[in-house]
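Novice: Chain residues, written in single-letter form:
Protein chains: 2
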Amino acid sequence: MAATLDEVAQRAGVSKTTVSRVINNRGYISTKTRNRVQAAIDELNYHPNSVARSLLGKSTQLIGIIFPNTSNVFYAEMIEHIETRLFKRGYKTILCNSFNDPQKEVEYLKMLQGNQVDGIITGSLNENIAEYRKLTLPIVSFDRYLGNRIPTVSSDNFEGGQLAAAALIRGKVKRVLLISTSLSEMSPTDDRINAFAEKMEQQKITYKQINIPFQTSPTMKKMFIRDEIREFQPDGVMATDDATAMLVRYQLELLGKRVPQDVQVIGYDGTRFMQEAFPELSTIVQPIPDIAELLIELLIERIEDPEKELGKQYTLPVALYGGGTAGS
Amino acid sequence: MAATLDEVAQRAGVSKTTVSRVINNRGYISTKTRNRVQAAIDELNYHPNSVARSLLGKSTQLIGIIFPNTSNVFYAEMIEHIETRLFKRGYKTILCNSFNDPQKEVEYLKMLQGNQVDGIITGSLNENIAEYRKLTLPIVSFDRYLGNRIPTVSSDNFEGGQLAAAALIRGKVKRVLLISTSLSEMSPTDDRINAFAEKMEQQKITYKQINIPFQTSPTMKKMFIRDEIREFQPDGVMATDDATAMLVRYQLELLGKRVPQDVQVIGYDGTRFMQEAFPELSTIVQPIPDIAELLIELLIERIEDPEKELGKQYTLPVALYGGGTAGS
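Sequence order for the protein chains is H and A. If you read the first sequence in the numbering used here, its first letter stands for residue 7, the second for the next number, and so on. If you read the second sequence in the numbering used here, its first letter stands for residue 7, the second for the next number, and so on.
Watch out, some of these pointers could steer you wrong.
[Said to hold, decoys possible] Label pairs and their computed distance ranges (CB to CB):
#: 1; chain 1: H; residue 1: 151; chain 2: A; residue 2: 49; range: 20 to 30 Å
#: 2; chain 1: H; residue 1: 221; chain 2: A; residue 2: 312; range: 37 to 47 Å
#: 3; chain 1: A; residue 1: 140; chain 2: H; residue 2: 155; range: 43 to 53 Å
#: 4; chain 1: H; residue 1: 139; chain 2: A; residue 2: 230; range: 28 to 38 Å
#: 5; chain 1: A; residue 1: 65; chain 2: H; residue 2: 139; range: 27 to 37 Å
#: 6; chain 1: H; residue 1: 41; chain 2: A; residue 2: 113; range: 11 to 21 Å
#: 7; chain 1: A; residue 1: 204; chain 2: H; residue 2: 16; range: 56 to 66 Å
#: 8; chain 1: A; residue 1: 95; chain 2: H; residue 2: 40; range: 40 to 50 Å
#: 9; chain 1: A; residue 1: 223; chain 2: H; residue 2: 155; range: 38 to 48 Å
What the hints contain is simulated information worked out from the structure, not anything from laboratory work. Don't be surprised by glycine CBs; every beta carbon is placed ideally from N, CA and C.
Isolated chain H, as found in the complex (with noise of 0.2 Å):
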C-alpha cells in the first residue's frame, strides 16, 4: 500500500499542513522540522498524489505533444528538446504520434482533453481539424495555421528556400530538380519551394518540381526519384528535407553520377544527428532547440493568463551549412 499524508505527518510528528507545505514549498518552515518530514517521506516512500491534487482543481501539470512520427530525425530532436525543457518547469509530457492522420490527430485530442492536460504543443500537419477549434484548452502549433487563438512558431521557410536556390545558384547548376514531400496541399514548407523556384526563375534556370506524398513507402519513393533523374538529368537538385536528399544522393551514387562533380543536392533540416552521421550533407539548418524553447514559453505564458494577447505568428532564422555537396 502507497503511504498517506496522515502517515507522513505522523512519522515525522507534525500536521498534515505542516507536511503539505513542505511538499509544496509554501510558508516558512523551519530546516529542522523541513528535515524531519524530508526524512519520513523518504521512509515512507510517500509520493504526492498527482491524480488527486488535479482533482482539487489544481492542474494535472501535463501537457500533451502531437507530432507526425517519432522516428523522423527533425520531429525526435524537436521532442528532446520540448520533453526536457517541460519537465524542468515542472511538466509532464504525454507523447502523439498521429502519422498525419486526421482521425488519429481526432482521437489524441479526445485522449488529451479526458486526460486534463494543461496544454497542447501540436507539430503536426493535418488541416481542418475542426476538433482544434473546439477546444478551449491553451495549444501552441509549430508550422501550421490552425486559428487566430492559436499562435505559430515556425522557422523562416522563405529565407530557407532562397539560401538553398542560391547555394545551388554559386555552384552553377543549369537544371534543377526540385522534390518537396509536403504533407498536404496548404503546408508551411511550400513557402521553401515557392522561394526556392522564384530564385530560379529570376536566374532563367531550368527547373521541375516534383512532391512524394508522406504515405509513400521507402521502395516506392527510391524507384520514383530514380527515374526522375534518369528522365530529367538534373546537374542540382534540392529536397525539402535531408532523408529525402540522402535517398537522392545515394540514387546518385547508384547511376555513377558523382556529387557535386555531376549533380549537386541539398537538403533541408539541420539536425545534429545528420551533420554528425553525414557532415557532408549540404542543407538549411532550423534552429530545434529555439523553436521547442519558443513554443514552450508562449504556451506557458497562456496556461498561467488564458487571456495573455499573444502574437498569430513568430518566425525564427534559418541558416545554410554549407557541408560538401552543394555550392562552389
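Given the structure of chain H, go ahead and fit chain A onto it with the hints provided.
Specialist: Below, chain A without anything else, positioned relative to chain H:
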C-alpha cells in the same frame, strides 16, 4: 465549462447509468439509445474525465517510458513503436528522456508514481537505481537487468557481436579497431564486444578495443576517433552503434582512406532511418518492432495480473545487413 455526465444524460433523455454504459461499452444498449447518447455526447462536446475515473480506483491508462534520449534514432524508432502500439491498446504514453543521469531518472520515477501510471517501460541504462526495486508498479526493462521481478527484453547482443566479427573476417581484415560507446561498466552491449573479441582471438586477428563515454561531445568524439585511426592504422572497424560507425566512415574519408577497399566498417542497430538515409552501411539489425511488441505484451500481462509469472530474460534474434562497407 466542460459538459458533465448529468447534462449528457439529460440531453439524451436517459439515465446516467445508460450514458456510462455507452461510454464504457458495457451491458446491452439498443442501437437507437446508443445513437441518441452519442449524439448528445457530440453536441455537448463531452469527454469522460479520466482523472476522476482514476480516483475511483480505476487505472489511469498511463504508461511511463524512460529512455536515454529521443534524438538517438534507435530509441526514437523504439519509442514510436511503443507509443503507437500502446495507444492502440488504450494506453497513453508519458515520455521521459533520462540522458543516463541517475538523479534525473529518480525524479522521473517519483513523478510517474505521483501520476499513478499503470506501469513503466524503461530502456535507460543507469544501474543500481535502488528506486526501481522500491517500486511496486509493473515494470519491464529493455536490455538492462533491474531485479528479479522485472523482466528484461533484449536482442541477442552476443550473436550480433559474432555476426559483425564474421563479416569483417570474410573481408580478410588483419588489424581491427573495436569502438564501444557503452554507457556503464555492466552494459548489455558488453556482450557485443565480448563475442566480437572472442572471434578475433579465435582467428588470431590483432584488435584494439576503445571506449567512448556516452557524455563525450561530438567534436571530442571525432578527434578521438581520428587519432585512434591514425595511430592504430586499422583495416577494419566495428562500432557498437551506427552513428559512431558513420563518424568513423567520415574520418576515414578525411584521412584519404577508401571504405571498404582500405578500411572496412561495420555498425550496430540497423534502424530503418539509417538504412534509408545511408544504405551502404553494413550493420547488425536489432528487431525494433518485435522488441517494442514484447515489452508491451509483458507489461500489460503484469498490469492485468500482478501475480503473473513472467520470465526474467527474453532474447530476440538479430540479423546481418550486408550493406557495402564491410565483408567480401
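Novice: Which numbered hints does this structure break?
Specialist: Those not satisfied come down to hint 4.
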